[in-house]
Amino acid sequence: SQQGEEDPQALSIQEGENATMNCSYKTSINNLQWYRQNSGRGLVHLILIRSNEREKHSGRLRVTLDTSKKSSSLLITASRAADTASYFCATDGSNAGGTSYGKLTFGQGTILTVHP
Amino acid sequence: NAGVMQNPRHLVRRRGQEARLRCSPMKGHSHVYWYRQLPEEGLKFMVYLQKENIIDESGMPKERFSAEFPKEGPSILRIQQVVRGDSAAYFCASSIGTDSTYSNQPQHFGDGTRLSIL
Chain X
1 SQQGEEDPQA LSIQEGENAT MNCSYKTSIN NLQWYRQNSG RGLVHLILIR SNEREKHSGR
61 LRVTLDTSKK SSSLLITASR AADTASYFCA TDGSNAGGTS YGKLTFGQGT ILTVHP
Chain E
1001 NAGVMQNPRH LVRRRGQEAR LRCSPMKGHS HVYWYRQLPE EGLKFMVYLQ KENIIDESGM
1061 PKERFSAEFP KEGPSILRIQ QVVRGDSAAY FCASSIGTDS TYSNQPQHFG DGTRLSIL
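Residue numbers (the numbering used here), protein chains in the order written: chain X, 1 to 116; chain E, 1001 to 1118.
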């Protein structure tokens, strides 16, 4: 079964620095999504990258996808204290007809701490 | 607020009681998903429903757990005869669809219900 795994498990940086988180998965995917979760809250969708895309940007976020290596990375540039949260990648598989299975398979997450 | 609404936010039950968790999807969304999150872990898929249909329940325990999404009203995740191991955060998400037209639309999550079993 699919399984996303992020590394590092925890990352501690200073404000203004860049943060890079990696995600690996095991089976073919329809798309890969990154979510943020603040303590005690639900998940906030950050960015979705399709299986035929290699790179995507959204504000200070940059996501890459390498389907040959079954891996993705999330880069947050010029980090802020407000970026402190857990970050999860989630994969969405699909059948041969392109219909999503619907369910997302999440990794264990990376806990990011940005010190002011 | 047009987001996914879950209630209650916190639910405390004694062992053996029943827990009912509710989820109202975003406006216009007819696909609902339930996930469970144990402390310090990622979310684990439980069940995927459309109106009046269970599409995929492969992640849901065979006993004591059930889910429904009636024609009218919210989706309900029901846990009967709760045990300590059921303590977790339960998240609901919704999406607009999953066929090839919508297969690249994200799921939107509620803030979850934190279930504590005494």
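The set of hints was computed from the structure by calculation and includes no laboratory data. Treat the hints with care, since some could be wrong.
Here are the simulated DSSO-like cross-link-like pairs (lysine-lysine), alpha carbons at most 30 Å apart as the crow flies [claimed, not checked]: (1) X/26 to X/56; (2) X/26 to E/1062; (3) E/1027 to E/1071; (4) E/1044 to E/1027; (5) E/1051 to E/1071; (6) E/1062 to E/1051; (7) E/1044 to X/70; (8) X/69 to X/56; (9) X/26 to X/70; (10) X/56 to X/70; (11) E/1071 to E/1044; (12) X/56 to E/1051; (13) X/69 to X/26; (14) X/56 to E/1044; (15) E/1071 to X/26; (16) E/1051 to E/1027; (17) E/1062 to X/69.
Since the model is a prediction, treat every value here as computed from it, not as a measurement.
For each hint, the structure was consulted:
| no. | hint | in the structure |
| --- | --- | --- |
| 1 | X/26 to X/56 | holds, 21 Å |
| 2 | X/26 to E/1062 | holds, 26 Å |
| 3 | E/1027 to E/1071 | holds, 14 Å |
| 4 | E/1044 to E/1027 | holds, 24 Å |
| 5 | E/1051 to E/1071 | holds, 6 Å |
| 6 | E/1062 to E/1051 | holds, 21 Å |
| 7 | E/1044 to X/70 | holds, 20 Å |
| 8 | X/69 to X/56 | holds, 17 Å |
| 9 | X/26 to X/70 | holds, 7 Å |
| 10 | X/56 to X/70 | holds, 16 Å |
| 11 | E/1071 to E/1044 | holds, 26 Å |
| 12 | X/56 to E/1051 | violated, 34 Å |
| 13 | X/69 to X/26 | holds, 9 Å |
| 14 | X/56 to E/1044 | holds, 26 Å |
| 15 | E/1071 to X/26 | violated, 37 Å |
| 16 | E/1051 to E/1027 | holds, 13 Å |
| 17 | E/1062 to X/69 | violated, 35 Å |
Checked against the numbered hints above, the structure violates hints 12, 15 and 17; every other hint is satisfied.
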